[in-house]
Amino acid sequence: MFDIFNEIIGTLKQNKLRTSLTGFAVAWGVFMLIALLGAGGGLMNALVNNNRNIDVNTMQVYGGSTSKAYNGINEGTWTELKEFDAERTEENYKDVIDAVSADYWRSDTASFRDMSSNVGINGISPVHYVARDRDIIAGRKINELDIRLHRKVIFIGDDAAAMFLPAPLDSLAIIGQYIKVGHLAYKVIGVFQSNMDADLMQMDIPSTTFSDVYYGSEMYSIIFSYHGLNTEKANEAFMKQYKKDYNNAHGYAPDDDRTLWISNSVIDNLQVNKVMNIIKTMLWIIGLFTLLSGVVGVSNIMLITVRERIHEFGIRKALGATPWSIIKLVIVESIVITAFFGYIGMICGIISCQIMDSTIGQQVLDIGVQRMYIFKDSTVSVGVAIGATVVLIVAGVLAGFFPARKAAKVKPIEALNELK
Amino acid sequence: MMIELKDVNKTYFGAQPLHVLKGINLEIGKGEFVSIMGASGSGKSTLLNILGILDNYDTGEYWLDGRLIKGLSEREAARYRNHTIGFIFQSFNLINFKTAVENVELPLFYRGIGRRERHHQAMEYLDKMGLTDWAEHFPNEMSGGQKQRVAIARALITHPRIILADEPTGALDSKTSLEVMELLKRVNKEEDVTMIVVTHESGVANETNKIIHIKDGIIGKVEDNVDHNASPFGENSIMK
Ligand SMILES: Nc1ncnc2c1ncn2[C@@H]1O[C@H](COP(=O)(O)OP(=O)(O)OP(=O)(O)O)[C@@H](O)[C@H]1O
Ligand SMILES: [Mg+2]
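Which chain is which? The protein sequence lines are A and B, in order. 198 is the number that the numbering used here gives to position 198 of the first sequence; each next residue is one higher, with no gaps. Take the position in the second sequence, starting the count at 1, then add 1000; the result is the number in the numbering used here.
Honestly, I wouldn't trust all of these hints.
Within a straight-line C-alpha distance of at most 25 angstroms, the following computed SDA-like cross-link-like pairs (lysine to any residue) qualify [as the list claims (entries may be wrong)]: (1) Lys-409/A to Gly-1029/B; (2) Lys-1098/B to Ser-211/A; (3) Lys-411/A to Glu-1179/B; (4) Lys-152/A to Ser-211/A; (5) Lys-1006/B to Ile-413/A; (6) Lys-1098/B to Lys-240/A; (7) Lys-328/A to Leu-1072/B; (8) Lys-1022/B to Glu-1167/B; (9) Lys-1070/B to Asn-417/A; (10) Lys-1098/B to Asn-230/A; (11) Lys-240/A to Asn-230/A; (12) Lys-411/A to Ile-310/A; (13) Lys-328/A to Asn-6/A; (14) Lys-406/A to Lys-1006/B; (15) Lys-13/A to Glu-1136/B; (16) Lys-1098/B to Lys-152/A; (17) Lys-16/A to Phe-1138/B.
To be clear, the hints were calculated from the coordinates, so they are not data collected in a lab.
Next up, chain A with everything else stripped away, as it sits in the complex (with noise of 0.2 angstroms):
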């Protein structure tokens, strides 16, 4: 092996030019690979992140209004969730839904010592947190007990934080204090992040505290945890149902799809990965094929190569130069070039995801509602590195087997008559 590799050296040598042209077809090809690969994942990993909890199955459900005249209700009728649909949903679909979260929403004033604004107070219970999650910085969220002590405990955002403690003062410390809202204190027991969004700073309160307090509210929405659905198919059809009972419920014509909207996780979590699928796809393609293009530059350049060297076959083989020899010495050479500016492209292509992780992979984007990640972990894992190697090598060994099959072919004296 070791001959062979000081064989191949020599005939590099003789051609710099070529040689470094050809290297930078495949170092560009691989490099491109592993950059495409790297952005995509950055972006995948970012729509993940971005929908942190797809992997839980839950449903929110809204109200909507109606898309058709029935039982004299008028078309366009606002529809409304109300308490027993809360229980109806309990009670009916036992066998695949877990936990039901009526939540409630009003705006309301709170005020801290001298600090006063109007805020957006949320009625809800834990199941709420499957489905809608909030990062946590100091203290807990609402929980189980809360709701069945119906607790005066109130869940707030570090945006109202800041407003009551302003900045010289430590926010956090409004952890344990009593905060007004309306007429009433509430013990503030956690801070999280708040979404930033600019109408109304959110502070969550038990469902069963807000029912109380603010006796007769609308309800906002119905969020509940299931199992068993596992298909888009199924989904659908528990929802097309869940709507018609519904529908029947409340005097709404049965097949109106309009009254509920429902926003459904297993569905967005199936768009989501047939999105995240087609650019993983598209991205594979492109390098693949710009990694192609390489190989068949390669194999081109082994070509000529051969072409050239065809007397040198000759002689090697009056000498005693087995076709294998000649097969190996091609074939190996092809692989040493690929190989080795494969590498030099891979090395660029991680560091270049490197760059790009650190650099636009640390920027997050403020949509309002969210804040989002526009790239998250943009690296290339072990796993595709290894798979570069083995196709870089499979490359390697498809631009030199034509070829070298070629310079095996010819006949000896062909060979030495040949030009030099």
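Assemble chain B with the ligands onto chain A, guided by the hints.
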């Protein structure tokens, strides 16, 4: 017999088929030193290439050292070329990006001999050719005579049974030609190698012990030349 040809025919199928060897019958014994002479285009090189298994023939039989050479696989042919046959060419056919010693090593590389041993033996043969100081030089840094001596060292290093030389002095001046012929003569004697030299120089042919004339693809006169007086220009002279 080292070499035995029975009614060997060879036709080149180019634009027009060319019947080059028209029934060659030839016997060359072990350790003989023969030359093949003939006009240009008479088929000398064709014959020598068949003897060296660089080319194949159409009909007839070629026996090399008691074995029929016919329909060999490339691998078997490569083995014969490596173990049994040594080549010397008019244009030397050295690999120009390899040094003299690397060129000489090459046949041993294809025999699977280790690097150190290869180098050792190659240096020994270069020494025999008086080229020790030129071992690390590339072919384009050497004179024609030196190159041909490197080629001879390369042909000898595998201890072949026969050496085939196609106009080995064709590219050399008369003084160098004489030196090369003296070398071949010595090798023939000392190493007991069968030596076949194609030439159209009568002076070169005169150095050999037997002169085979080929004319229009058949063997003509076979001269015994043990006295080395076939040359009209006298003993030990090469007229160009
Ligand atoms: N590969 C080939 N294809 C077609 N014709 C060929 C080929 N090689 C040789 N010939 C023809 O065959 C004839 C014999 O060629 P060969 O080389 O054997 O002659 P030669 O005796 O060695 O001549 P010279 O003294 O000029 O070297 C020539 O007419 C030549 O043109
Ligand atoms: Mg000739």
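Which hints, by number, does the structure contradict? The structure breaks hints 1, 2, 3, 6, 10, 14, 16; every other hint is satisfied.
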